[in-house]
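Undergrad: So you can see what is in the structure, the chains are spelled out below.
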Amino acid sequence: MLRMVSKLLAFSLLALVNTAQAITIFTCEPEWAALSMELAPGAKVFSATHVYQDPHYIEARPSLISKIAKADLVICSGAGLESGWLPALQKRAANRKVVNGADGMLYLSQFIKTIEKHKTKFFSTEHVHPAGNPHFHLDPDRVSKLAPVISQRLQIIDSGSRLIYQQALAKWQKNWQQSLQQWQQQAAQLKGQPVVVQHTSFSYLINWIGMDAIADLEPEPGVPPTMAHAQSLIADARQEQPVAILTNWYQNDRAARWMSDKTGVKHLNLPATVDLKGDINNLQRLFDHLLAQLQEAQ
Amino acid sequence: MKRKALALATAVLCSQANVVNALEVGVILDAYHKSENTALGGRAEGFGSSHSELSLSQGIADLTTAHVALVGEWNEQDSDLQLEEAYLQSSALPGGMNVTAGRFLADIGYLNATHSHSDNFSERPLLYRAFLGGHYFDDGVGVSWLAPTDRYWRLSAGAFTGDKLGEEKSESGIGTWTLSTEFGDDLGNNASWQMGASYLRNNTQSSDHHEDEDDHEEHDHAGHSHGAEYQGKNLYLTDLVWKWAPQGNNRQQQVKLAAEYAYVDDVYGAEVDHYDGWYLSGVYQFDENWSAGIRQGRVNLAEEHEHAGEHEWEETRLTETSVMLSWAPTHTQRLRLEYKHQDADHMEGADNAITVHYQIGFGAHAAHGF
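Protein sequences, first through last, are from chains E and P.
Positions 429 to 726 (the numbering used here) are the ones given, in order, by the first sequence.
Positions 1458 to 1827 (the numbering used here) are the ones given, in order, by the second sequence.
In case anyone wonders, no lab produced these hints; they're calculated from the structure.
Errors might be hidden in some of the hints.
[Unchecked claim] Computed footprint of chain E on chain P; a stretch qualifies when at least three of its residues, placed anywhere within it, have a C-beta under 8 Å from a C-beta of chain E: (1) 1543-1550; (2) 1594-1600; (3) 1641-1648; (4) 1706-1714; (5) 1817-1826.
Ideal placement from N, C-alpha and C gives every residue a C-beta, glycine not left out.
One chain only, chain E, in its complex shape:
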């Protein structure tokens, strides 16, 4: 009986999917949504989070469950970033296409090397990702490696439109190469300069440019800044005169503003990812914006 009912339901679901023309993509972070829109023209793309949300702390809300239940492809950073909420969505949604291990579940961290890997001990209270820093979309080189990964996955799950995906990738790669040259020139001028950060959100960008993160406002990764810790960084900041104190749009920037007041170092509040509803709505524009802001602060 149970088997019959579930078969019936499966057939009716299949019928629903077959009538739909484009595939549906669910991304955990908005950067992958922006990239998917370029690599899969015509696809329905939904991002679970936006630029004002901390992707570590997301509620497994009912609306996200019904969205992931209808996805053909789920694209996430992985490396533990979504471990507090994505498994709850997958479990509730019961969508066979996007369970771990299925072609429709893509964890991008599996295709690149992450930085800042931490050895975690079992009895430790630290909140670090043993799989490394998951904010790798802020490295233009890693993004270049990941675009073909996404494109290939699209070609596997929707082989009928293979040609469209190949063309879209070629077009994207051409544009990206052009932008890369410009970014490299901008980076050359910023190389070796010190910055103060809050969390490791911008680590990949800082490494790519070759800047030097001299201090982190977080006393420990994932632990919000404390006044005592910020106080202890003042002397260094005064002496080394960093280009800026970086925070991102979803963070509490109280400590950064305080430090900026004390040291005269500029506080830069930058988007950590694309703003799908604003002007900085793709990764090209995001790097354009970030590099321009850093140059201006110099």
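Given the structure of chain E, go ahead and fit chain P onto it with the hints provided.
TA: This is chain P only, laid out in the frame that chain E set:
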């Protein structure tokens, strides 16, 4: 039924490639001090631990998860260790279905299926303590189905032995069964909601029980009791949850309101028409580390009293107000200070208490639902 579900799960499993998953081990340690005993169970007075947990989770071939949770409680009078969860759960059967088999938390109400370490107060609301023994888990099989609608709509059903609901073994094979449904959505960028309705059929006793035997036991007001103390043939539950965070970014700030109502009829072992109860709770997380909350709840029950040699049933009522302040120095630790005030009508054991509660987690932990 159980065997059929397992066979189905295995059939689905075999069609997929084998993927090896790591065993996930998680530990939650809980320590508290409570100034007084209060009515209707919960934590006992003095130093103790109420819900320390060792959990093991293993994914099998990406389509099934095995989960085991061993829970320990100890206080100055009593100590206890028990297996609270030991089940196999499918990850995704065709058509949005999932099957769970083994020992697991019944999918009813808002709080019942959530782990108590994620609760915002140090004890479960009154209605859970009175009608479900804090939280109801049992041996059985459960099925859930997510409707392919745009708005979240989920249905689930379960059948259990019923042995874990009361203090006694159930008389029938399927002692309890449950049905529940929930809906939910977002309200703009900042808020989301979920509402649910559930039903628990309790066939573990017969309604005329009290007439042939006088077995209405003295309630153990101090210390915990595993069984539900106030039972009836039918338990109806409704719940509503609303959460708000600026831009949906709940790292900095969040408001969470929850309300549940329970109604029990065909009451077992008491000469009253029905029991009922409700609670309303509000929690405001005002910063990354701090939150404050208030919860108000009531249960309307009945007790037997001896009056000039005659046994009489009297309606009783218990009202409870809890106020808490909680500090989470890191993601895995929480220190909570809670004041509880109880008001009782014809009920013994009501008191006021201050609880200091510390909790720390190690290792892997399952992602939390809404």
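Undergrad: Checking C-beta pairs, does the segment 1817-1826 of chain P have three or more residues closer than 8 Å to chain E?
TA: holds (count 7)
Undergrad: Quick one: see if chain E covers the segment 1594-1600 of chain P, three-plus residues with Cβ-Cβ under 8 Å.
TA: violated (count 1)
Undergrad: Report holds or violated for chain E covering the segment 1641-1648 of chain P, Cβ cut-off 8 Å, minimum 3 residues.
TA: holds (count 3)
Undergrad: The segment 1706-1714 of chain P covered by chain E? Criterion: 3 or more residues, Cβ-Cβ distance below 8 Å.
TA: Result for this restraint: holds, n = 4.
Undergrad: Under 8 Å between beta-carbons, do enough residues of the segment 1543-1550 of chain P, three at least, approach chain E for the coverage claim to hold?
TA: holds (count 5)
Consistency with the previously given hints fails for number 2 only.
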